[in-house]
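Undergrad: Can you build the whole structure from these sequences, using the hints too?
Residue numbers (UniProt numbering), protein chains in the order written: chain A, 1 to 424; chain B, 1 to 424; chain C, 1 to 424; chain D, 1 to 424.
By construction, these hints were calculated from the structure, which means they are not laboratory data.
Among the clues, some could well be false.
The list treats identical chains as one, so a pair stands whether inside a single copy or across any two.
Said to hold, decoys possible - Here are the simulated SDA-like cross-link-like pairs (lysine to any residue), alpha carbons at most 25 Å apart as the crow flies: (1) 419 - 60; (2) 328 - 372; (3) 98 - 288; (4) 62 - 27; (5) 314 - 67; (6) 62 - 20; (7) 314 - 66; (8) 62 - 35; (9) 98 - 185.
Number of protein chains: 4
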Amino acid sequence: MTADLSVYENTESNVRSYCRSFPTTFTSASGAEITAADGKTYIDFLAGCSSLNYGHNDPDMKQALVDYIAGDGIAHGLDFHTEAKGAFLQAFSDHILKPREMNYRVQFTGPTGANAVEAALKLARKVTGRDRIIAFTNGFHGVTLGALACTGNGYHRKGASRPLEGVDRMPYDRAFGDDIDSGKVLEELLNNPSSGYEPPAAFILETVQGEGGLNEASAEWLQTVERVAREHGSLLIVDDIQAGCGRTGTFFSFEKLGICPDIVTMAKSLSGMGLPFAMTLLHPDLDIWSPAEHNGTFRGNNHAFVTARVALEKFWSDSSFSQKIEVKAEFLEERLVALAAKHGGTVKGRGMFRGIDVGSGELADEICAKCFKRGLIIETSGAHGEVVKVLAPLTIELTQFEKGLDILAESMASVIASKSADAA
Amino acid sequence: MTADLSVYENTESNVRSYCRSFPTTFTSASGAEITAADGKTYIDFLAGCSSLNYGHNDPDMKQALVDYIAGDGIAHGLDFHTEAKGAFLQAFSDHILKPREMNYRVQFTGPTGANAVEAALKLARKVTGRDRIIAFTNGFHGVTLGALACTGNGYHRKGASRPLEGVDRMPYDRAFGDDIDSGKVLEELLNNPSSGYEPPAAFILETVQGEGGLNEASAEWLQTVERVAREHGSLLIVDDIQAGCGRTGTFFSFEKLGICPDIVTMAKSLSGMGLPFAMTLLHPDLDIWSPAEHNGTFRGNNHAFVTARVALEKFWSDSSFSQKIEVKAEFLEERLVALAAKHGGTVKGRGMFRGIDVGSGELADEICAKCFKRGLIIETSGAHGEVVKVLAPLTIELTQFEKGLDILAESMASVIASKSADAA
Amino acid sequence: MTADLSVYENTESNVRSYCRSFPTTFTSASGAEITAADGKTYIDFLAGCSSLNYGHNDPDMKQALVDYIAGDGIAHGLDFHTEAKGAFLQAFSDHILKPREMNYRVQFTGPTGANAVEAALKLARKVTGRDRIIAFTNGFHGVTLGALACTGNGYHRKGASRPLEGVDRMPYDRAFGDDIDSGKVLEELLNNPSSGYEPPAAFILETVQGEGGLNEASAEWLQTVERVAREHGSLLIVDDIQAGCGRTGTFFSFEKLGICPDIVTMAKSLSGMGLPFAMTLLHPDLDIWSPAEHNGTFRGNNHAFVTARVALEKFWSDSSFSQKIEVKAEFLEERLVALAAKHGGTVKGRGMFRGIDVGSGELADEICAKCFKRGLIIETSGAHGEVVKVLAPLTIELTQFEKGLDILAESMASVIASKSADAA
Amino acid sequence: MTADLSVYENTESNVRSYCRSFPTTFTSASGAEITAADGKTYIDFLAGCSSLNYGHNDPDMKQALVDYIAGDGIAHGLDFHTEAKGAFLQAFSDHILKPREMNYRVQFTGPTGANAVEAALKLARKVTGRDRIIAFTNGFHGVTLGALACTGNGYHRKGASRPLEGVDRMPYDRAFGDDIDSGKVLEELLNNPSSGYEPPAAFILETVQGEGGLNEASAEWLQTVERVAREHGSLLIVDDIQAGCGRTGTFFSFEKLGICPDIVTMAKSLSGMGLPFAMTLLHPDLDIWSPAEHNGTFRGNNHAFVTARVALEKFWSDSSFSQKIEVKAEFLEERLVALAAKHGGTVKGRGMFRGIDVGSGELADEICAKCFKRGLIIETSGAHGEVVKVLAPLTIELTQFEKGLDILAESMASVIASKSADAA
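TA: As structure tokens, this is what we get:
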């Protein structure tokens, strides 16, 4: 039986996208599984593009949110002080900032990652009095006009239908392979007063590029960027929207990399339960914002405050969750390395933020389509969509994880076998 | 007893704003009332800047949402087809579009009004192959870089710390008083090939300018803009984020004004319960989007689909709600006219989207501060913050409404009396 | 015999323009007459678009230039000090600045008006630390990217094939007729902090718009612009490239209008003989340029220094030339008023910077074409090319002037008669 | 006796520059020598920054120009067809284009190199419908807003006091030394759809970067740029303003490098005698300009047509001039190599477009100052002004050339000796 998708097809704009890869209607979800209207259940290796690091509908978050709503807790309060916000701020301070000896102020922006990025860019420009932002090849930072100027993806950039200004581009770590030292390129371009590059307001980067193809920056390169930023009076913005909240093993993706960003953007898994929620962290001495200078109706989603607080208390009050992620990450790496060894791809990424570059977007798409038929939701990334991306919930049960990876392995084998057959 | 606000003050960025006018911690809210941690209850004439047109925590929306969460309904599904989305689309089609003989496709954007505006601007540019957007004096369309270029407010514009490009400005209806015909100005500028204005991709406007000072455009002027747009191959975008969802009496603010916008942006009260949710409506023949060309993690908030559907079914399945708004609007007008007659201000706006221009931002601020002490939450708008803005929930009980207006009247009288005493 | 124009047609780009209206090859010129290869002589009412205010090949300038070249005078010296430059600066100081009690420093820019404008815009932005420039409807300031952003003409703007940024537009004096006070519009837009207009770095304007249709600004409006500029910390730039050098009767077009611009751009007739030459005048306290910050190979054309000095000494050492212009201007006005009375057009402009609006570009073109056949070179201006523009050399002999105006009158009558015949 | 420079100091803007390095008043010049008011004569190794490739006041050009002026030849004719223009076009066709089997149309732009570049950029955007231009590190293309966006020099860029848009930057050949292949970088950035670089309207480059430090591009790299341009539908613009007109040995700098630019910009020595004159060459099938779409008062300087024609006839009617340049260039190279061997610098550039990188701007400045005292005019270039630039007239007598190089050698030795003494 085919799902009746006519209401979507007749009413929704052509801009819809993920639903095209997974043409069914979903109804409910729990943990690492998501169920369709036809009763079929899928293992979720997409996890809301890392928005569901703690899985779907975590029971503790659910309960807290239901209680909050039932008790007439504030649902919408602009940026009023609310009890829910206060509790979140306290938990974020207690469980995240203090243990890491980090000193950031929290700016609740409109509840999208792009909005957190827009705020970060504005602040960097305001603080430094400079215009340029340096972003990197294959970076993805959102699609509102300011954030989109930082995004490298040409398909999304073209969607603006106007020039995207204010941003200069430099190569990400190993953008041209191992022979060309991107750190040296960066440094020389900034040290040459006739290079056409000015010292920027800020550098913005992801420590692992999610949409860009699971490209992982080395600690050394990141430290070079930070050093050059300091030398030229520029700020360092880490966009931790996709890589943060434990995806690479630690709460922030940069914790073990020897850098101290001035500004950090967060969203996706921040609410714990996939609710719209974003924030921009900034060093207190950069906090020269005037009231409402960057504002927005939905900044500070109170429902999200509730679930985000539970997430922090449940998963980040000690190091046990991090250790569990590490174990799973090792398991994942072994499986992906084995797959690559067998079929010839390249394993990419770090922690539970991994993928396998299968060489072409067509092949990757076929593998994902095959996975879907077999009960696994999985997607691609990369400039050519050539990387099959494994973004399982961090809380996934090992048996589910194994099952999902088995489906991936079988699908990959099957697609590649049929390719070989075609070629023969 | 003063509320302990230290957690906000120590941890939140200076950018926070509304909380400065209402320095307390709110805990719960129901209907038109909101309660603080100290037990004090306030009547809410701010209503989340028109995000709470149906009041706080409407019992039917609450129940539906609690049931949905308890049943492991999808909380986050990127832009997957979900049952909740399908039901919302059906309800929007049945209760809104069909009865009005309107033909729009729905684009779920990132869940902020600014994001809906960014999508609208991109689409208008893509469709027409033109760059310029014409926005109007005192317009407010959000603060992400693309939307902010359309916003007139200098304080917010300056926050970008870079030039805002791609937008030309024209005077809104009666921007220079009754003597200068803004429609004529618009028409002549577009008809003069040396005016420096090119035929734009689109005109973007609010039918009543919420942030800009409750300025109401006449049907005649709006029709002129639409006619000029048609003559020059430009689209008409109505930003109905603040004025829509019944605020002016009808679901869309433009229903009785004789115009047919090509694109409509919606957010704020769209979810019914104040949850982050936004969409861009577009005529089907403009739907040339490629998949994911404008995307975003939280586009299509499933919790909001649930509550928004309830809102549509409960309030818009027949004309009774509109009629009730009309009655309240008349009552409101009488009260405001009486206030203005007594104290010398000017009544502004339309429907339940009203305000009183008291001549200066300082005075308006004092009145609002006095109201807060007396248990009323109310705010200002306008270029100089000179308009005290009445944005009560449309569902407010008449006794509450009266009580709130009494507080406003007393506060205004008291502030003005003390001014006179000072001056004497 | 038709001129053989094949070398131009085969070799020159389609961008060539004036030569299309006057399809012949010119060989020599003297005073107000220009001679073609076929021996035919034309009266010149175009005068290099006001670059030949002193006529072609003034004998004193010619002699001085020939002597200079024969004596191996420096032809090209970058911006070296040269004797020719020193003498020009002294003459400009003695004959122009001192008698008018004006205090300007001279910046020699690249030898085009557009370059002088580019320098003016850069300086205004540097001095004020602001980005925006306010330019006016129908203004023309050149076609390099910075200057073109100020130019109103849509045909030229489109030539950029990219957005023109950094400039906001306001209506010129009486841009919408007498009913709408452009000064009030300007003032209100700047005083409204939500208008979308920021206080600009500078206002740039022509006192009479040459290309824009011989629109003359009133002293009152100009004074309003200057006052508003002062109130908002903005500079006033008068682009006197076409209107200056005596065209309106005085050396600067603004001498009798009660304004004191901060920056003045000059070119066209500045060299006296039509040689490429431009400069930007700036108040000494604005002279915060760093050396070479705006540079260019041909800034300071030494041949032009020689002829420009002769022009200043010959025509501006006392008031006699101004008085003669006034007499001719009165004569011209009488003739144009009579023409307009007879044929129904509108007389435009000031001094010897006049034209007659004949209602349509087609009609104006036909009149000019007819004039050319009868021995008069004359062109159109205006947003629709609807103004037949009389830009005779200021030194034209009265008999020539009369003859030229007779040709114009006859051509106009003839074209209009044939139109009437067609219509009958 | 010190020259009295007060008229310049009191009247000219601080923006003046070269005159600061050579604080005297020049009066006359002939061939490779220039004479000051105090009678002192200097050898000219600056040659108007390559505007005087044929030396000062070439007797044949002088005579032709004097005759032309004396005979009332058109001095200023907008873009009318004139005899002088026709003769220049014929000579350019006969002596330059035909012998090289090149097929270009000629666009006379405003008479500055920057204006020719602005025209080239506009045309490339118009032809391709694309916005971006790719320019290279250390490129110099002028300082009007469009051209300045292509220029790499930070000092000049900052002079705009606003963002410079529409241009992306890539590394010039060997910008990062021999280890990093700039051609590979270019190719990979364009082939990666997520690099943030779009296929541009055009690449713009100099084959030898004059202002950027006499950096010479290899034929191989230039061919890579051209190939990548063709693959991506982009045009190739060679800015031959400084390197053209024989400076590198051939008329165009790219003649022997295996590339066929779509658009070529020319100025500086084009007029032969240093008169303001510029043009943009374009392949006929790109000639989609509309009439006057890029215009300007002084486009097509008739005096320059006269001298430029003489230059073409005298120097380019056969290959003898090129051969003589080659001989001088070899001589120059020997001398510079010897100097570098002795003092430790690096010889840069090609043909008669050479320099010696002495390691620091301070040292280079001291050497030039010492040269001036000894009767040689010479200047620096490079991002840090670290290259002493030898731009002698191509027509310089060998004895003068030797004398100038002797002064350079002595000055360099003397400065370096005194440095060593200081250090000891």
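Undergrad: Could you work out which earlier hints the structure fails to respect and list their numbers in ascending sequence?
TA: 1, 6 and 9
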